[in-house]
Each structure stands twice: as structure tokens, then as C-alpha cells.
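Q: Each chain is listed here by its residues.
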Amino acid sequence: MSLLTALRQGGRGYLLSAPALVLFVGLLVLPLALTLVLSFNVFDYEVGVKPGEYTLAHYASLLSDSYFYEIFFRTFWISALVTLLCVVIGVPEAYILSRMGTPWRSIFLILILTPLLISVVVRAFGWSLLLGADGLINQAIQALGGQPVKLLYTPFAVVIALVHVMLPFMIIPIWTSLQKLDPAAEQAALSLGASQAKVMRLVVLPQVMPGVLSGTLIVFGLSASSFAIPGLLGGRRLKMVATVVYDQYLSELNWPMGATIAVALLLVNLLVMLSWNRLVEGRYKKSLGE
Amino acid sequence: MSKNGPLALSFHALVVVFMLAPLVVVCLVAFTPENTLSLPTSGFSLRWFYAVFERKDFIDSFYNSLILAFVAASLATVIAVPAALAITRYQFPGRGFLNGLFLSPIIIPHLVLGVAMLRLFALMGVNGSFTWLMFAHVVVITPYVLRLVIAAAIGVDRSAEQAAESLGASRFTLFRQITLPMILPGVAGGWLLAFINSFDEVTLSIFVTAPSTQTLPVRMYVYATESIDPMMAAVSALVIALTAATMILLDRVYGLDRVLVGKN
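Taken in sequence, the protein lines are chains A and B.
For the first sequence, position 282 (counting from the first letter as 1) is numbered 321 according to this note's numbering, and the numbering increases by one without interruption.
For the second sequence, position 111 (counting from the first letter as 1) is numbered 930 according to this note's numbering, and the numbering increases by one without interruption.
Keep in mind that the hints were calculated from the coordinates and are not lab data.
Check the hints yourself; a few may be wrong.
What the hints assert, rightly or not - Straight-line alpha carbon distances no greater than 30 angstroms define the calculated DSS-like cross-link-like pairs of lysine-lysine that follow:
| no. | chain 1 | residue 1 | chain 2 | residue 2 |
| --- | --- | --- | --- | --- |
| 1 | A | K189 | A | K89 |
| 2 | B | K875 | A | K237 |
| 3 | A | K89 | A | K237 |
| 4 | B | K822 | A | K219 |
| 5 | A | K219 | A | K237 |
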């Protein structure tokens, strides 16, 4: 390729991506940068944001205030629990799906994955119908002669609804890595006298590990920043990071504090994703003997 | 193909029930004749659907969402198609970076995007404006179009394009007559996926909408934090019906399983 063709090629590449680039610089890079700056701005309840005056106070209170500490801790354990439950349900479910016959396999795959495309507000509302004080689960408990249980506005409600929202994100990458599994490998192991459990442990599980790990990453990241589920099912007291940011912006009107929490959330998320990614890549390479 | 045992099948049944229960319950409760949230045990009624159509704020929000999703998905397609062709066809410095930048809204929490846009729009004095809400949506949904169009463009056989080019077709004719028809399933699938994602978006929109530009999910979210009544169930059932219709279209033009789990 001559230099001239290379230049022309490059020129066309830039020209074709220019509209998207303009939009993304203006409405993604710029606002994120402004928010980072905002998180260092001095805030006064009387005057509001003081442009031109900078402080580290918001970051200091994020690290020292037990209120924020508790919120971050709760968000972390809820997200970790949701991720764990998604692995425990998602791995066997994806495996069962992959062993189904032709019409059923795609029917059930679509049935299980399409809730993904339905508004999260609708799904949260569905769970509040099921879990409410006079919701269907409590009606069933009472019909069986039990005492009603408080389910809504508890961590239980948030966890179960988050698992419902996140499970498709776990099943998709596991399914994808299961597609690469050669069924002959399983049959070979079985015909050589390995038990079903041994086949699972030594043949299937190592093969789906990359899928599990990337699913873990997506589910944890999305859970940690989830807003509508804790907002609708956690009630006023059970706050997670996203709902606290919302409060800071729209009821406290302390934008710099809200920006600080948002920046921290983004950083923690990116950090978890990048380090997990590195870990996964390292393992994957090792298992391929490179 | 080895068969699943009874234990595996019961586990599978539980998962399916778990995934569908909240949606089925919403659709059933929407038909209740009662004033409370209950299953329609004493007959079906459409009263709560009528109640929705009498709420002007919900109807306005519905139209807002519909127009927003339509325009935003179309704009996202218009900018994502050339970008996808640039990324798959041409070698230039920064190509990988651009690809990463255009896909990044998928991994940045919508909450963070929402507060970031709120800051920018407040400084510009345009917060709550429908146009800027639409641009915000374009940023969020462009990655979905980009991914599907890139996947389609990679699979294209270049020899037809080269033939047309050697026969003297102009760049525009080449795109319209040869390239576009070949990547059309990816473009149409991307548009529909973008449409659904824009129509459902709540976390970013809640920060950058004013009462007059509130989208349906934002209106529903705000309503549900204050009161829960069967009208919410009726609205939700309508949203589920609309989403299902879009999904059937998506299945026809691109294949739902391909959108959800990639190539089979």
C-alpha cells in the first residue's frame, strides 16, 4: 500500500466516523470531564456551587463519613450476593438449555432472555406486586394459614429483583462459551468411564469459565450501579449508591457531593472490571498453555 | 444429544417461572375489576385501561417516549453506519480507540451519564429540553447499532463491491446499491434494538427531563414511588405489549437469538 492510498484510506476513515466523534466528544467526554471538575468544587448550602473554588472536602467526607461508608458497603455486598446467585442459577440453567432438543432450546432461550428487553420499571413493579404486604406471595402464605411476612422494602426484595434483571446477562456469555464446547469431548470422557459429575467438573466447567467470568463482571458492574430496582423496591431507607447520588442531586441539591459519589462509583466499577479482566486473561492464557 | 434428567427439568421449570412470574402477574392484575391490586378472580375488566387513557400526563409521556425513541434510534443509525464502515473497512491511527469510545456507553453506568449530562445541560441552560434529551439518548444507544452493523459489515463479501467499483460506480451508488442491501439486516436490527433501549431508558432520563418532556418510564417510576394502583399494572401491560411487538419485528428482520446471544 503506497503512502498516498494509506493517507486516503485514513482520511475516509476519519471522515466517516466524524459525526459520531463530534457527538461523543461533546456529549460524553465533555460532560464526564465537567462532572470530574464539579466533584472538586466548593459547595455552600446558601449559595450553591462556587465555581473557581476547589476543595478535596467531598472526597474526604466520602472516605470518612460512616453514612457513605455504609451505603458503599451495602451496595458491595448486595452486588456480590446477586452475582453469586446468578452464577449458581445461570451455569446449570445454560447447561440444561444447551442440552435441549431443537424447538425447545430456542423457545426457552428466548423466553428466559427477553425480559432483558422489557422496561426495568415494569419488572420492578411486577416484583412489588408479588412481594407487597398484601401481595400475591403474602396472600398465598395467609391462605396456607401462615403469618404475613414483610418482603417489600427489604434487602431480600432488592436482591431477588436484581437477580431477575441480571440473570440474562449471566446466561448469555455462559451460553456463548458452551457453544464452543465440542460435544465429542463429553462423550469421549463418558465412554472412557468418567462419571457425569466428573465430566461436569473436568470437561464442562473449565470450558464455561471464561463465560462465567465475563458474566460476573457485567452482573457485578450493573448491580453496583443499579438505580430503578433499589429505588422502587428498597424504599426510603434502604439506599444504594445510585439512589444516594439521586438524592444528593435532586433533594439535597448538593451537586458536588453527588458528583463525587458518581465519580467514585465509576472509578470503582472500572477498577473492578479492568483488574478482573486482567485476571481472566491471565488465567485463560495459562490454561491454553501459552 | 443427551437428555436432561427430571431434576434438571424441574430446576429449569423453576427458572422459567421465576423469569416470567413478575411479567405475567402484571398482565393479569391489569385486568382486575377491583380497586386494589389483586388477581382478576371475579371476571376480567378493562376499566384500568380506560383509566390510563384518561390520564393526559401518561398519554403525553407515551408520545414523548415514542417520538424520542424513533428519532434517537434513527439518528444513532445515521451516525453509526458510517462509523461502523470506517472501523471495519479502513486502517487508520486511532481506529481501535474510536471503536472503544463509541462502545463505552455500554460499560459506563447510566447514572453517571445522567449526572454528567445534567451538569452540561444545566451549564448550557438547556436542561429539560426535548432536543438535548434526544441527543443524550443517541449517545447511549449508538453502541447497540454499531455492534450489529460491524458484525454485518465484517461478513460482507467484498467482491461485489470491487466489481461495481471497477465498472465505474460512484461511492454513493456503491453504498446504496451494493453495501447497504448487504448490511441491511444489521442496520434494521440495530435500529430496533436502539429503539427498545431508548424507549425503556429511565436512569439517565430521570436527571435530564422536565415535567413536560418526561418519558413514559420516568413518569411510571415517579408514579410508582408515590402510589401503587392497578392503573400502573395497565400501563405496564401496554408497555409489555409494545415491547413484545417490537421484539417480534426484531426477530423477523435480524433474529432475536442473534441479537441476544450472537451468531449461532
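Q: Let me make sure I understand: some of the numbered hints might not hold for this structure. Which ones are they, in numerical order?
A: 1, 2, 3
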